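J.: The lines below spell out each chain.
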Amino acid sequence: MVPLSYYLILAAILFVIGVAGFLFKRNIVTIFMSVELMLNAVNLTFVSLSYSLRQLDGQIFVFFVMVVAAAEATIGLAIIITVFRNRESLNVDRIDLMKL
Amino acid sequence: MYQALFFLFAASAVGFAINLLIQRHPIHSALSLIGVMGSLASLYLMLGAEFLAVVQVIVYAGAVMVLFVFVIMLLNADKEEPSDRSKMAKYLGLPLLFLLLAMITVVIYRQFPEDAMVQFGDFPGQTAAIGRLLFRDFLLPFEVISILILIAIIGAIVLAKKEP
Amino acid sequence: MPPAVILFTLVKILLLLVVLLTAVAYAVLFERKVVARMQSRWGPTRVGPHGLLQPLADAVKLLTKEDITPSSAFRFIYTMAPLLSLVFALLAFAVIPFGPPLTLGGVDAFQVADPDIGLLFLFAVSSMGVYGITLAGWSSNSKYSLLGSLRSTAQMISYELAVGLSVIGVLLMTGSLSLRTIVDAQAGTYWGFLPRWHVFPQIVGFFCFYVGAIAETNRLPFDMPEAETELVAGYHTEYSSMKFAMFFMAEYANMVAVSCVATVLFFGGWHGPLFGPPSLQVVLPLFWFALKVFCFLFVYVWLRGTLPRFRYDQLMAFGWKFLMPVALGNVILTSFVIVAWPALSRFWS
Chain A
1 MVPLSYYLIL
11 AAILFVIGVA
21 GFLFKRNIVT
31 IFMSVELMLN
41 AVNLTFVSLS
51 YSLRQLDGQI
61 FVFFVMVVAA
71 AEATIGLAII
81 ITVFRNRESL
91 NVDRIDLMKL
Chain B
101 MYQALFFLFA
111 ASAVGFAINL
121 LIQRHPIHSA
131 LSLIGVMGSL
141 ASLYLMLGAE
151 FLAVVQVIVY
161 AGAVMVLFVF
171 VIMLLNADKE
181 EPSDRSKMAK
191 YLGLPLLFLL
201 LAMITVVIYR
211 QFPEDAMVQF
221 GDFPGQTAAI
231 GRLLFRDFLL
241 PFEVISILIL
251 IAIIGAIVLA
261 KKEP
Chain C
265 MPPAVILFTL
275 VKILLLLVVL
285 LTAVAYAVLF
295 ERKVVARMQS
305 RWGPTRVGPH
315 GLLQPLADAV
325 KLLTKEDITP
335 SSAFRFIYTM
345 APLLSLVFAL
355 LAFAVIPFGP
365 PLTLGGVDAF
375 QVADPDIGLL
385 FLFAVSSMGV
395 YGITLAGWSS
405 NSKYSLLGSL
415 RSTAQMISYE
425 LAVGLSVIGV
435 LLMTGSLSLR
445 TIVDAQAGTY
455 WGFLPRWHVF
465 PQIVGFFCFY
475 VGAIAETNRL
485 PFDMPEAETE
495 LVAGYHTEYS
505 SMKFAMFFMA
515 EYANMVAVSC
525 VATVLFFGGW
535 HGPLFGPPSL
545 QVVLPLFWFA
555 LKVFCFLFVY
565 VWLRGTLPRF
575 RYDQLMAFGW
585 KFLMPVALGN
595 VILTSFVIVA
605 WPALSRFWS
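Protein chains in written order, with the numbering used here: chain A, 1 to 100; chain B, 101 to 264; chain C, 265 to 613.
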């Protein structure tokens, strides 16, 4: 038996680590991965609240989040590939100009 | 037993997440993220969400992350170089993050009483019920999201296609 | 949980692993023998009677070889990759039911676990299996390995979709994801003589499943990742000794796993004619199951001895433009028939 709040705090810790990755990492792929980590943390919150409310709606929502994340990953990675083709770098500090 | 398992998976999730932060090579970060997702899948199992646990492994760890690893391999990404562009992020970043964590924690402790316990088997996995909900009550969002995926596929092809 | 149950479960898992690894070793010998006969050769004959001890000799050879790690390899991932491959290949057997329910000491004897989501578990394990190959190719830091693993990643992701869609027909007919329930739904006969196996109504689904599964396990005619005439040895070019053996075992374990899943989903699992005294009736289901798995393994070897390799673009086009639409059409047709069945049968009578 574990208090429900432990799950929520775990989700909060993961979310904060995701934010930290988003702020501190310089590689665009890793930044994108940090966003995925934040989404995962939110998913954990949904599942644990769905447990505590004894309702499946939360799990359905997580399912939708996963599908949207998959769509987002395909588009995001396609954009990253295009950026890399034009700038030959994955470092976000080097792709801060609007024109070549 | 349940407590030990919870702390095991929670610790591994946090450990992998921190590893994601401190690794310099993107592929090591990607592997750490897969570790986080695996630990979260186990936690979903412990919360009785069997279906979501498996979907987490199939969709997130097995498809989205394979895509990440694939792109990292394809672009032959190297170790990232540290840059000191932002002085704000360097000195103010960590304290602000801890502040954020503290705020969330306070809200959680205010909102949820200590006696709300999680026990294995209280809310068993109901894959059939999820399917029924998805195709009856949530049919419209389901259809909308399938169109979203279609758009994503077309967009990815358009973006990644080389100019002739 | 009482300690006896935990002990029995551990013993069961250990026994399964021993039987499985022996089967994997002899699957290699079986393949060499059968392919040799198809090419008018003898195959291994020197070690033991009819070469029956050849797997043992192979094991000794692989264990005593020098284990080389390329100096430019990413050491940690390089070591982890074969382990990942083998673990995920063996994990698939955790949910496969080998025989009818038989409780020994509070433990089901012929199945390690029967979760409600057994089939999805199989897909989860197979989707994780991609990592072993991908990481092996990347961490070797060699162009042949990288090319082989890039090819295989794309191939496995593409064919996973077709395999996943092809199974939905079976799910629609049984309404359950538990493998035991799926097998139980195939007991009995149609019209008194035809076994109630899913392969008869789901022949298209079975075709898609088996073709996709052969591509998933990287076997000929879809062995793009290895393609020894083009890529040296694909993703395991740089591997030697026991690490190479792990990839080899993982490949054959995957073959056995796919054969088991095909048996469970489409060929009635352990169901078959039962006869004789009660003691024989306990063993017979296991025998039927093993026989069916053996037939599938033979088809694997047969295909290898017969078909040439696909070209890479042909392979991708086949997966996306033929297999996927056919599997999708099968899903639509099956659901239509299931919905319309009551009306149709009323119309005929």
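Rather than coming from a laboratory, the hints here were simulated on the basis of the structure. Hints are supplied without guarantee of correctness; some may be wrong.
Said to hold, decoys possible - Here are some, though not all, of the chain A residues that point toward chain B, as calculated from beta-carbon distances under 8 angstroms:
| hint | residue |
| --- | --- |
| 1 | 21 |
| 2 | 22 |
| 3 | 35 |
| 4 | 65 |
| 5 | 66 |
| 6 | 79 |
| 7 | 81 |
| 8 | 95 |
| 9 | 99 |
Unchecked claim - Okay, derived cross-link-like pairs now, DSSO-like style, lysine-lysine, Cα gap no bigger than 30 angstroms in a straight line:
| hint | chain 1 | residue 1 | chain 2 | residue 2 |
| --- | --- | --- | --- | --- |
| 10 | B | 179 | B | 261 |
| 11 | B | 190 | A | 99 |
| 12 | B | 179 | A | 99 |
| 13 | B | 179 | C | 407 |
| 14 | B | 262 | C | 329 |
| 15 | C | 407 | C | 276 |
| 16 | C | 325 | B | 261 |
| 17 | B | 179 | B | 190 |
| 18 | A | 99 | B | 261 |
| 19 | A | 99 | B | 187 |
| 20 | B | 262 | B | 179 |
| 21 | C | 329 | C | 407 |
| 22 | B | 261 | C | 585 |
| 23 | B | 262 | C | 325 |
What the hints assert, rightly or not - Stretch by stretch, here's where chain C covers chain B in the computed footprint (C-beta under 8 angstroms, at least three residues):
| hint | region |
| --- | --- |
| 24 | 151-160 |
| 25 | 168-176 |
Just so it is clear, the structure is predicted and the values come from calculations on it, not from any experiment. The beta carbon of each residue, even a glycine, is placed where N, CA and C say it ideally should be.
J.: All the hints need checking, so say for each whether the structure fits it.
T.: Okay, the hints, checked on the actual structure:
Interface hint at residue 21/A: satisfied, since its Cβ lies 5 angstroms from the closest Cβ of chain B, which is below the 8 angstroms cut-off. The beta carbon of residue 22/A comes no nearer than 10 angstroms to any beta carbon in chain B, farther than 8 angstroms, and the hint placing it at the interface is violated. A distance limit of 8 angstroms between C-beta atoms decides the matter here; for residue 35/A the minimum to chain B is near 11 angstroms, and the interface restraint is violated. Using the Cβ-Cβ criterion of 8 angstroms, the hint placing residue 65/A at the interface with chain B is not satisfied: the shortest such distance is roughly 10 angstroms.
At its closest, the beta carbon of residue 66/A sits 5 angstroms from a beta carbon of chain B; the interface hint therefore holds under the 8 angstroms criterion. Because the beta carbon of residue 79/A sits about 6 angstroms from the nearest beta carbon in chain B, less than 8 angstroms, this interface hint is met. The beta carbon of residue 81/A is positioned within 8 angstroms of a beta carbon in chain B (closest approach about 5 angstroms), and the interface hint is therefore held. Look at residue 95/A: its Cβ only gets to about 12 angstroms from chain B, farther than 8 angstroms, so that hint breaks.
For the restraint placing residue 99/A at the interface with chain B, the shortest Cβ-Cβ distance is roughly 18 angstroms, beyond the 8 angstroms limit, so the hint is violated. Restraint check for residue 179/B and residue 261/B: satisfied, since their Cα atoms lie roughly 27 angstroms apart, inside the 30 angstroms limit. Using a Cα cut-off of 30 angstroms, the hinted pair residue 190/B and residue 99/A holds, with the two alpha carbons roughly 28 angstroms apart. Restraint check: the Cα-Cα separation between residue 179/B and residue 99/A comes to about 26 angstroms, which is no more than 30 angstroms; the hinted pair holds.
A C-alpha spacing of about 19 angstroms is found between residue 179/B and residue 407/C, which places the hinted pair at or below 30 angstroms, so the restraint holds. Our distance criterion of 30 angstroms between C-alpha atoms is broken by residue 262/B and residue 329/C, whose separation comes to about 46 angstroms. Taking the CA atoms of residue 407/C and residue 276/C, the gap is near 43 angstroms; set against the 30 angstroms cutoff, the hint is violated. The straight-line distance between the Cα atoms of residue 325/C and residue 261/B is roughly 48 angstroms, outside the 30 angstroms bound, and the hint therefore fails.
Among the hinted pairs, residue 179/B with residue 190/B is consistent with the structure: their alpha-carbon atoms are about 20 angstroms apart, no more than 30 angstroms. Only pairs whose Cα atoms come within 30 angstroms are accepted, and residue 99/A paired with residue 261/B is accepted, the gap being roughly 21 angstroms. A C-alpha spacing of about 26 angstroms is found between residue 99/A and residue 187/B, which places the hinted pair at or below 30 angstroms, so the restraint holds. Among the hinted pairs, residue 262/B with residue 179/B is consistent with the structure: their alpha-carbon atoms are about 26 angstroms apart, no more than 30 angstroms.
With a C-alpha separation of about 24 angstroms, the suggested pair residue 329/C and residue 407/C falls inside the 30 angstroms cut-off, and the hint holds. Restraint check for residue 261/B and residue 585/C: the C-alpha separation of about 19 angstroms stays at or below 30 angstroms, so the hint holds. With a C-alpha separation of about 49 angstroms, the suggested pair residue 262/B and residue 325/C falls outside the 30 angstroms cut-off, and the hint is violated. Counting residues of the region 151-160 of chain B whose C-beta sits closer than 8 angstroms to any C-beta of chain C gives 5, which meets the bar of three, so the coverage hint holds.
Counting residues of the region 168-176 of chain B whose beta-carbon sits less than 8 angstroms from any beta-carbon of chain C gives 4, enough to reach three: the coverage restraint holds.
The structure fails to meet hints 2, 3, 4, 8, 9, 14, 15, 16, 23 from the earlier list, while all remaining hints are met.
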